[in-house]
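Asks: If you're matching them up, the sequences are chains V and L in order.
Per our numbering, the first sequence starts with residue 125, numbered consecutively.
Per our numbering, the second sequence starts with residue 3, numbered consecutively.
Calculated from the structure, these hints are not laboratory results.
For each residue, glycine too, the CB sits at the ideal point set by N, CA and C.
Take these hints with a grain of salt, some might be off.
Claimed, not checked - Label-pair distances were calculated between CB atoms; the ranges are:
id	chain 1	residue 1	chain 2	residue 2	range
1	L	D208	V	R290	55 to 63 angstroms
2	L	A267	V	P437	33 to 41 angstroms
3	L	S292	V	L305	42 to 50 angstroms
4	V	F363	L	A267	26 to 34 angstroms
5	L	R261	V	P437	20 to 28 angstroms
6	V	L301	L	E48	52 to 60 angstroms
7	L	E377	V	L301	33 to 41 angstroms
8	V	A367	L	H290	19 to 27 angstroms
9	L	P83	V	G302	52 to 60 angstroms
10	V	R256	L	R261	57 to 65 angstroms
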Amino acid sequence: MAMILEVVHPGGTRTLHRLGEHPLTIGRGLSNDLILDDPYADARHARIELDESGAPVIEDLGSVNGLIARDARLPGRVALQPGAEIRVGRTLLRFRDADEPIPPALVDTIAPPAHGPSARSASRSRRPRWARRVVRWGRTPTGRLLTAAAAASAVALYSWLGSAERSSASSALFAALGFALIIALWGGIWAVASRVTVQRFHFVGHLGVASLVTLQGLAWGIGIEWVSFFLPDAGLSDFLSIAIGLLLLSTLVAGHLSLASGLSRQRQWRAGFIVAGTALLIGGLATLVEEESFSDVPTFSGVVKPVAGEWVPTATVEEFGGVMAALKKQVDEMARQ
Amino acid sequence: MPFPRTLILAASLVFTGDLVAQQRGVTTSEVFSRYADRVVKIQVVETGSAAKATIGSGFFVSGSGHLVTNYHVISKLIHDPDRYRAELIDVAGAVQPVAVLGVDVVHDLAVLGSEVRPASYFSLGPVGIAQGHRLYSLGHPEDLGLSIVEGTYNGHLQHTRHPRIHFTGSLNPGMSGGPTITQEGRVIGINVATAGNQLSFLVPVDRAAGLLGRVLGPADDPAARTLAEVGRQLRDHQDAYLRDMFAGETKTVELGPYRLITEPAPFFRCWADATRRQELPYEKVRHHCSTDDQLFIAGDQSTGVVDLDHEMISTRKLNRAQFFSLYTSVFAVDNTPGGEEEHVTSWRCGTRNVRNASLPMRAVLCLRRYRKLGELYDGVLKVAVLGRGDSGLVSTLTLSGVTFENVDRLARRYLERISWR
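Pulled out of the complex, with its shape left as it was, chain V reads as follows:
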């Protein structure tokens, strides 16, 4: 009877291995046949082999935490049956019969690409080499720390350019320090969460994710201001704010989950979009309620930008009359209600 070993890693990911005639060594050490990324496993923790009768057995190689089944430590050598579950550190070993029936394949609703490789690998291959290098470098600890430093500098610059006080340099410094403090706290919370879920802190990684999203947020925020300056009537800035808000928030969540969970990339993004969508929905509902409720404080787009007069697209005074007429309709409707 051939047996299959299902390994459930600490992050929740699963791998399947066919047990053969040769012994299989298990442990954290890199010389093992099955290498566990689990700090509670010994370098050489256990071995699976066939006994004289050809039945598989598992043997504890003198590990610190031993082999655990049903919350009890097993004696040195134990015979394995299909359905057995044994814990090695925080990793679960589940033994299954190779003839176990499996459900039929699901029908894929996503259209396959025209030629062989998957869409993602195709898009990845389209990315130029320098971009791939930048992405790879961005994921190194140095890259992530530099991203955090760049975000703090950007916050300082943004604060300095937005300040009309004499002591603008000191207020910029305070803004950068404040940002550093908040982002360290944020990264710290995620790092603790990672320690619980995947047994790794990844503090610098979380710092990098949050910093990258902050940088993008600043850039998009400035972009939206310019859009609302040039096209105050299009409602485009509102649409952009929502779309970019959704994208940034889901990037943030997916980025953190990539370090703090064993979820597949697709699931990370799905979780990100669900969180961002829920947050935006709540925000949108709150805005609607606020718009419905009475206020004697008006809201309007008061952004002015340093642009030469001839570059600004303008309406005539006559056309502005049309804006006033539209407002009259709105307030007449409100008064009727």
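With the hints as your guide, set chain L onto chain V.
Replies: Chain L in isolation, oriented as in the chain V frame:
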């Protein structure tokens, strides 16, 4: 403008008045004893709770029980006749119901009718007196009982669209609607407002005589005491002086590189000031013109004000990005009038970049409508001139209690008249 509540100040001033009265002794007490029975307390009571909502004063002007008071004393009754009732309390403490027979919201007057047949009353007619003439004001300050206040006549105010007598004497909340009379019992005006420090204001008696004449005349109409009539009076009033505003030749003022409208009519008052401080890397120059004629509607809601505000900012120390961030914050400041949900809708604003014959600018118009006064709106036009890197101008035109036609007409004229120097 209803009385602001300045109780501590009011108490000390009343004390001074008593000293003066003691010096002149007999005369003031004679005036009081002779005319006290013609003055009553007016109170508006919420029908459900029987609680007093507002109190003021009033006085008999006919043997048939007609009284004069201020519109703002009984405005709640006009706005919500099912919820409130009004009554008078005479000098003996007897309570009688009163009904509103006519209102003049522009001059803040109302004529009431009652079943009382007073033994004596004030006749309303023209009185000629000189500046400095001694006057006596009667009323119920702070609901403390009928009081008499001595003061002097100081002529009519110069810069108001509606006539107001300047009375130097301590008027206090609750005296609204009471008469200010001469020693001989001739009514000079009706107590209406105070700015504190014995600076008080009266509605000239001829306006009350006019309203009483209309109420007693053959053309009296029950519709003349409704909210629709209040709206009609406000519309006629604003149309009379806004129709031609900013048209033709108008005075201008130059602020830095900008030329702007100023003092569009003689009843506007204009001020200017500048902020130049060592610790600020920019300068501000402000020019502001406004009418003083707030018309009371109800609660904290007033209308009738036209207000122009020009604020120029310039810098030699800030870079462009910093300067425009300052410019944006100055432009985004909210200086619209407040309001209550009962009376007005929320604001709705529209923004465009607009170019007139001279220059490009960012223009925002915010509009709201009065809920119960027919076709009346508040409009605020805010403009930020574009195109310069070291100076900017934020100009605001505020129109309250006007028709949409006037908002539209005046906003367009205002936009056309902002120009480079």
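Asks: So the hint says 26 to 34 angstroms: do the beta-carbon atoms of F363(V) and A267(L) match that?
Replies: violated (45 angstroms)
Asks: Can you let me know if the beta-carbon spacing of A267(L) and P437(V) is within 33 to 41 angstroms?
Replies: holds (36 angstroms)
Asks: For R261(L) and P437(V), compare the CB-CB distance with the range 20 to 28 angstroms and indicate the outcome.
Replies: holds (25 angstroms)
Asks: Given the hint of 33 to 41 angstroms, is the C-beta distance from E377(L) to L301(V) inside that range or not?
Replies: Violated, at about 56 angstroms.
Asks: Should the hint that R256(V) and R261(L) are 57 to 65 angstroms apart at their CB atoms be regarded as holding?
Replies: Between R256(V) and R261(L), where Cβ atoms are some 60 angstroms apart, the hint holds.
Asks: If I claimed the Cβ atoms of P83(L) and G302(V) lie 52 to 60 angstroms apart, would that claim hold in this structure?
Replies: holds (57 angstroms)
Asks: Could one say that the CB atoms of L301(V) and E48(L) fall in the range 52 to 60 angstroms?
Replies: holds (57 angstroms)
Asks: Using the C-beta atoms of S292(L) and L305(V), is the stated range 42 to 50 angstroms upheld?
Replies: Holds, at about 47 angstroms.
Asks: How does the Cβ-Cβ distance of A367(V) and H290(L) compare with 19 to 27 angstroms: does it lie in that range?
Replies: Violated - the Cβ-Cβ distance for A367(V) and H290(L), about 42 angstroms, lies outside 19 to 27 angstroms.
Asks: Is it true that D208(L) and R290(V) lie within 55 to 63 angstroms of each other by Cβ?
Replies: Roughly 58 angstroms apart at Cβ, these two residues keep to the hinted range, so it holds.
The structure fails to meet hints 4, 7 and 8 from the earlier list, while all remaining hints are met.
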